[in-house]
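Each chain is listed here by its residues.
There are 2 protein chains.
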Amino acid sequence: MIVKNADLNGVISDIFIKDGIITDIVAVDKRSNIVDSENVFDAENKKVVPSFFNTHTHSAMTLLRGYADDMPLNPWLSEKIWPAEAKLVPEDVYWGTKLACLEMIKTGTTFFNDMYWCIDSIIKAATEMNMRLAVSATFIDIGKDTDKLIKELDDTYERVSAIDNPNIIFTIAPHAIYTVSEKMLKYSGKFAKDHDLFIHTHLSETKKEYDDCLRDHGMKPAFYLDSFGLLTEKTMLAHSVWLDDDEIKLIADRGATVSHNPISNMKLSVGKAFDYRKMKNANVRVTLGTDGCSSNNNLNMAESMKFASILQKFAYNDPALMSAEECFKIASFNGAEAFGIKAGKIEKGYDADFLVLKSNIYDMTPGFNVYSDIVYSVGNNFVDSVFCKGKLIMEHGKIEGEDEIISHAKKISKKFIS
Amino acid sequence: MIVKNADLNGVISDIFIKDGIITDIVAVDKRSNIVDSENVFDAENKKVVPSFFNTHTHSAMTLLRGYADDMPLNPWLSEKIWPAEAKLVPEDVYWGTKLACLEMIKTGTTFFNDMYWCIDSIIKAATEMNMRLAVSATFIDIGKDTDKLIKELDDTYERVSAIDNPNIIFTIAPHAIYTVSEKMLKYSGKFAKDHDLFIHTHLSETKKEYDDCLRDHGMKPAFYLDSFGLLTEKTMLAHSVWLDDDEIKLIADRGATVSHNPISNMKLSVGKAFDYRKMKNANVRVTLGTDGCSSNNNLNMAESMKFASILQKFAYNDPALMSAEECFKIASFNGAEAFGIKAGKIEKGYDADFLVLKSNIYDMTPGFNVYSDIVYSVGNNFVDSVFCKGKLIMEHGKIEGEDEIISHAKKISKKFIS
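The listed protein sequences correspond, in order, to chains R and Y.
When you read off a place in the first sequence, starting at 1, and then add 171, the result is the number in our numbering.
When you read off a place in the second sequence, starting at 1, and then add 171, the result is the number in our numbering.
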């Protein structure tokens, strides 16, 4: 596969791809002959940049976009979100995940780290949409039968491990320290270690979680999680807002990664801004997530980048904090690296996960700086084509089955209204 | 003109328009015959909502989108923005304003309150793009010849008053209390009163402005402005972040309006969130502005709505504050009302300023609540067609001259790089 005439930071180049990996990049003024075949994609001098890695979402919650907003957390969850989710069947989750994939691809994302139920539906949807996926065995066991959940986890692991798709990463996802029992957290830590698994959990989203953990366990949340072996180089901690200096140091020492979810944090009034400067100074790897559609309400990483960057400037009173280019790296390279994927740069030896941007769109005009334009200016209509591990998964804005996905999602939504 | 098959909150209706005003709305199930003619636009059952009124921008700064970001305020202005602006000639401002209009129409805005130089270029651009415009004689006279500016103001007023276009409102715009002399502020107040003009100024964007005003004039900024007769029912105060309770009460008493610019405030680290709850409780009319492209970096009111709403939730720790529907009204009805325009509702007797939304787009799927979808979910690709005072100014996403505008803006930008 060759992507010819790609504008890479102003140098028009041909990108050579084999087995999903960039094998060479040659400036067109040094071009030898390219054999024009079906394996050549002409980028037509459009700008080409790395794709995005969404490190925390609940993808099928696209089905609940706009279903309930502007409510205090507890009635929002107990009166609206949970009763609606209780009506979802695996087929619904399949279509909700497809809608999520559609939205993510359209806005330049090639990987998502998902936390939701009906794992087989999620895998089927992401596979059909040709996306990379970290998919979790997700559990909440407060008030449930822990032994039954353990059996399910074992079964799920066996089933998913047998899937022959290198684009799918299996993770274990205890929902949060306040929704999972000590017994199950302990089992999770051992299970993750035995099978060398990635771990995905919510950590320190609210002050209440911090206060309750100290009161109930005599430990701060990060230390409590660590006590079960759940803080490793393969751990992704969603939110991580209410962490103190000791916890940030512990996370850095363990080599764990945080997923910043700025829109969700603001919309749900978590009461504090993620402390990027401290994370950076402590060498914690920071990545970006959209969270699910009921607390965002979209999966557009470009929009989340704008919120991330200007929330830092605002909350920490420094207009130079988290520059556009730095923010772009957080949303691309850092997210990939956290999951052991060599992507987020368009260089020889890196995976071919990248975007061909639309040209001549008003929101990237005049076009002084592509990072600034993507982080601060664009909406959701700036991506022309998307490559995921060398495969063209959106060509000139078109994704197969788009109308069918939207139509199914609308049909499913009717069950929440009645 | 008839807009048939418009989905108005779930009721498919025909909207009858004469001389720019909605004369009747009839549900299609009560439809008598419509004569199909060139004056019928078929909304094809798409949702129709009011358009947006952008109450503070510097439109031609589209030309500087992405030119300089992530810098502290003073070097950003003195080393980047001002030297670049010094290179702009009226022809550049014309194209920059056209680019701004293009972007605003595409994202559903039919009116903008502009503050920039080269007023004739701005009027020409907005007129050609069929937009409503409040255009200002803008001045900064610290270090300049005030008498010369007064003469220019008189001349500009005469010239603009003579233009026969009801879509253009002339305003007087002393830039800010810290950039305009007392002599000129006094003249402005009298001039506005003599000619019954709208007044447009920046007020209390930063704490420094508040502190300096107290120190230099022994008055808080709103009181200082009021002392010149510049706080009236026709005054639009951009930013209004650092106001204390007495100032908010004064603004309410005078019937002046504030323009909240959340993205600019956050990006430039003004250090405090606009206090919506206090404004609301004091019955101050709150409207929404994008500010210019060098501090935002776009003119998309839908994005500004999302920032406005969730910044309130975050900063004041209340997830129910500024609901989607309330935020939508701020961006539409309130902005129109502030300028004496009867719009922002789709009702008999109101001006026909409205949007036909795209149907079957992922970011409005499933589609539970149109206000939530517009405020929290959409990007910049949700508007199918735009009506401004009864005139169809964008039809199915197409605006005449789009490519030419983008090409000119790119050409002009070259002068900032050399």
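One or more of the hints may lead you astray.
Which copy is meant is left open, so a pair is good if it fits within one copy or across any two.
To be verified - Calculated cross-link-like contacts (lysine-lysine; reagent style DSS-like; alpha-carbon spacing at most 27 Å):
#1 K569 / K217
#2 K378 / K586
#3 K378 / K443
#4 K586 / K217
#5 K175 / K581
#6 K443 / K379
#7 K357 / K582
#8 K569 / K529
#9 K449 / K295
#10 K516 / K443
#11 K443 / K519
Since the hints were derived computationally from the structure, they do not count as laboratory data.
All values reported here derive from a predicted model rather than from experimental measurement.
Status of the hints after comparison with the structure:
1. K569 / K217: both (17 Å within a copy, 22 Å between copies)
2. K378 / K586: neither (35 Å within a copy, 51 Å between copies)
3. K378 / K443: both (9 Å within a copy, 21 Å between copies)
4. K586 / K217: This pair counts as between: shortest inter-copy Cα distance 22 Å, intra-copy 43 Å.
5. K175 / K581: Answer is between: at 24 Å across copies they meet the 27 Å cutoff, but 39 Å inside does not.
6. K443 / K379: both (12 Å within a copy, 25 Å between copies)
7. K357 / K582: neither (41 Å within a copy, 63 Å between copies)
8. K569 / K529: Classified as both: same-chain Cα gap 13 Å, cross-chain 17 Å, threshold 27 Å.
9. K449 / K295: neither (39 Å within a copy, 50 Å between copies)
10. K516 / K443: So K516 and K443 fail the 27 Å test inside a copy (32 Å) and across (37 Å) alike.
11. K443 / K519: neither (41 Å within a copy, 45 Å between copies)
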